[in-house]
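Please take these sequences and the hints and turn them into a complete structure.
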Amino acid sequence: MQNESRKQWLSSLATADENYLISLWDNLNMKIEYNWLREPEIGSVMVQGKVGATGDNFNVGEVTITRCSLNLDKKIQGHGYVQGRNKYKSKIAALCDALMQTEKKEIIKRNIIDKLVKYKNNKRNEILSKTEATKVDFFTLVRGEDK
Amino acid sequence: MNNVLKFKNKKANVAAQDEIYNFAYLDENTKRMIRRALIKALCIPGYQVPFSSREMPMPYGWGTGGVQVTSSCLTTDDVLKVIDQGADDTTNAVSIRNFFKKTANIETTETTNQASIIQTRHRIPEEKLKEKQILVYQVPIPEPLAFLEPRYQETKKMHALSEYGIMHVKLYEDITKNGHIETAYAYPVKTNDRYIMDPSPIPKFDNPKMNNNPAIQLFGAGREQRIYAIPPYTEVTSLDFEDYPFDPSKAPHKCSICGSNDSFLDEIITDDDGNRSFICSDTNYCNQRMKDK
Amino acid sequence: MYVSVKGGEKAINNAHSWLSELRRGDVNIAELNIKQISEQLTLSVDRVMSEGSLYDKDLSALAIKQSRGDLIEAIFLMRAYRTTLPRIGSSKPIETSKMLCLRRISATFKDIPGKQKLGPTFDYTHRLLDFKLLADGEYEKAKIEKYDDKEIPHVLSFLNKEGLIQREIPSGKTSKDITRNPIYFPLTRSERLQSLSRGDEGFLLGLAYSTQRGYARNHAFVGELRTGYVEIQFEIPELGIEINIADVMFTECESVNQFKGSKKIPAQFTRGYGLVFGQLERKAISMALVDRSMRWKEFGEEYLGVAAQDEEFVISHCDNIQATGFLEHIKLPHYVDFQAELDLVRKIREEYKKNEQRT
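Residue numbers (the working numbering), protein chains in the order written: chain A, 1 to 147; chain B, 1 to 293; chain C, 1 to 359.
If you are wondering where the hints come from, they were derived from the structure by calculation, not from laboratory data. Treat the hints loosely; a few may be bogus.
[As the list claims (entries may be wrong)] Taking lysine-lysine and the PhoX-like style, the derived pairs with C-alpha atoms no more than 20 Å apart in a straight line are:
| # | chain 1 | residue 1 | chain 2 | residue 2 |
| --- | --- | --- | --- | --- |
| 1 | A | K7 | C | K176 |
| 2 | C | K161 | A | K135 |
| 3 | A | K123 | C | K353 |
| 4 | B | K31 | B | K128 |
| 5 | C | K10 | B | K101 |
| 6 | B | K177 | C | K354 |
| 7 | A | K120 | A | K109 |
| 8 | C | K110 | A | K120 |
| 9 | C | K347 | A | K130 |
| 10 | C | K150 | A | K135 |
| 11 | C | K10 | B | K102 |
| 12 | C | K150 | A | K120 |
| 13 | C | K354 | A | K135 |
| 14 | A | K123 | C | K354 |
| 15 | B | K254 | C | K347 |
| 16 | A | K135 | C | K143 |
| 17 | A | K135 | C | K347 |
| 18 | A | K130 | C | K150 |
| 19 | A | K104 | A | K115 |
| 20 | C | K115 | A | K130 |
| 21 | A | K135 | C | K110 |
| 22 | B | K250 | C | K143 |
| 23 | C | K98 | A | K130 |
| 24 | A | K118 | C | K146 |
| 25 | A | K130 | C | K141 |
| 26 | B | K177 | C | K110 |
[Claimed, not checked] Which chain C residues stay away from chain B? Per the calculated CB distances, all over 10 Å, these:
| # | residue |
| --- | --- |
| 27 | I29 |
| 28 | L133 |
| 29 | D148 |
| 30 | E168 |
| 31 | I183 |
| 32 | V306 |
| 33 | F326 |
| 34 | H334 |
| 35 | Y335 |
| 36 | K353 |
Cβ atoms here follow ideal geometry from the backbone N, Cα and C, with glycine treated the same way.
Okay, here's the thing in structure tokens:
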């Protein structure tokens, strides 16, 4: 259960719009002490497709990723794996991941994670509603009472 | 390290992130992979070892194979010389030398006998090489049979079986048609009496220098993803026939600068009437001769 | 008498300065910024990411700016940068059936579950120059409609159910990365697809077109074409948790091709597959057709000796960075080789003259 929710917040942080995430974090104006376990580094992840959408894997190309790891104290570690090449975004993601495991969880959830989820949902809705407007309607199922 | 973050509306600064490259550009794992290919190549002289060529920040066909081999061999103590067409000052030689100056911060030289690694395109220096020197050739098409059979799937079999008939027939046909073997550069050789090998597009004048050479000769073909090598003191013979022996001929002229009779010459056109003059293609050789005078 | 001078270095530096000045252009005109390129030249950015094999819009826009709009030069910059990136790992294979579609059409069925959705396409625009764009700021806003947020199934999955089409079943083999391992022919289909996905759009377009014109014709239909965002799933090594690490836009094309059947296989439809970064339909369709034509051996079809069937030919020549590098290298100095040829031609001509005089 813990893993499931951590998966959610790590995903939201990873794919967040970088400027939006940075402004959300900066607005919190938090001063956090931490130690680096791995300073931010830029790298890539190879994206795999499937032959014919369902068959063997094949390599399509890479996507840029930045990652870092830190700890707040000996027990709590945060990992910042994010899309793109922004080291600051990665650091914020790691800090948020760490803080989500502390008593500051609610602050981070309310002020950052929930907002990221909402932002992404809005984007998704926008695409779906625009796509829908370009639907080619040939047939409509007519319900009985409308006959 | 204990950091306290004070975030004051720091904007996402993507552009300013500094990118630092590894010594001699390639990462250590890649260099290791290339060195393994080089060692294999040295163990089987003339055999083309496939390797996973990387994309370099210079175009394929401009020496990416040579650059990867040089990068994998370079240590901080090395002294590097880069030549193109025998000259240190041709544009691409300048560009590659600057690349290693920038990425490896090593000493460079134009003096052949002071270099520990020499990367070359299309020439072998006139001055005799020594033991412990490495000559790195840039190779465009590593497969000597490619112009007779373009498919690697086929040429691979021919090499495995030493089935070199098509090459001998080609040379024979040249002679029957023209009285000559019509190859002036990239003249095929046989290495250690086993593999037919492309010497890279050096003039055939340079072919004899490959034979029994005290230096290590490494060949890198980046685009074609092949590495091959000649260990020191290895027999390298240019293909020929008993009645048509190999002839490493050159133009019957002297260098207009140093007067050398026995070096390979570039032809330059000196005026609008098309008058010609000849000068050494090996600029370091020519300069040394002038100094000694 | 000639004395040699050092000419190369200064000439190179000065050429670079002029290039830099020309890139900037007229300084009285506002300089392009990266966001302008990534927002307004989106399809160029997509092409550079796809053939550069690296999904990063800002980098792609930077490459386009730096290369003065020469897309192959920009692709080259992306590739060279990509080589220097440490590889953190591989994603889980993507599920294109879960794509957030901007566009989804099928040429094989009029109506399909999930419907035909045109999305932002040039298809039915009349290609008339729009002089209104000469003035600034003119655009229409996209319309919106209420929608049903359901997964859109692949059209070909309906043919699967009837057994009318060849199925794509995983063999369990892991795919080799052709950019990290040397290529040995013959390749697996996975290796071919990786190579095609980063291959040159123009080259693949030409080859695909040649199959339509009868050079190994295989009667292709666009079974389905979709463009949209797919979540990239990646397992964080420290945690063993799989997260949505990136959102990436893809265009996917599944072609349906006629197949008469062979001794091995009864008549059924066969497939070609195209998958590329970004909104690059022309490329995705071309890729699917070329993929299909290279599968002749698998289906026991006849080898007609044409380019599009020849795996070694196609794969060895579809990479525009390899091709352009080697093609353009012939402008490098070749004094030495040419000198050697000059000597040879002169010698042969002399001998010819001697022979003439003798007879």
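Now for the hints, and whether the structure bears them out:
no., hint, verdict
1, A:K7 / C:K176, "29 Å, violated"
2, C:K161 / A:K135, "26 Å, violated"
3, A:K123 / C:K353, "80 Å, violated"
4, B:K31 / B:K128, "29 Å, violated"
5, C:K10 / B:K101, "16 Å, holds"
6, B:K177 / C:K354, "16 Å, holds"
7, A:K120 / A:K109, "15 Å, holds"
8, C:K110 / A:K120, "33 Å, violated"
9, C:K347 / A:K130, "74 Å, violated"
10, C:K150 / A:K135, "14 Å, holds"
11, C:K10 / B:K102, "17 Å, holds"
12, C:K150 / A:K120, "17 Å, holds"
13, C:K354 / A:K135, "81 Å, violated"
14, A:K123 / C:K354, "83 Å, violated"
15, B:K254 / C:K347, "17 Å, holds"
16, A:K135 / C:K143, "11 Å, holds"
17, A:K135 / C:K347, "74 Å, violated"
18, A:K130 / C:K150, "15 Å, holds"
19, A:K104 / A:K115, "16 Å, holds"
20, C:K115 / A:K130, "14 Å, holds"
21, A:K135 / C:K110, "12 Å, holds"
22, B:K250 / C:K143, "75 Å, violated"
23, C:K98 / A:K130, "18 Å, holds"
24, A:K118 / C:K146, "19 Å, holds"
25, A:K130 / C:K141, "10 Å, holds"
26, B:K177 / C:K110, "66 Å, violated"
27, I29, "21 Å, holds"
28, L133, "29 Å, holds"
29, D148, "36 Å, holds"
30, E168, "26 Å, holds"
31, I183, "7 Å, violated"
32, V306, "15 Å, holds"
33, F326, "4 Å, violated"
34, H334, "7 Å, violated"
35, Y335, "5 Å, violated"
36, K353, "13 Å, holds"
The structure is inconsistent with the numbered hints 1, 2, 3, 4, 8, 9, 13, 14, 17, 22, 26, 31, 33, 34, 35, although it conforms to all the rest.
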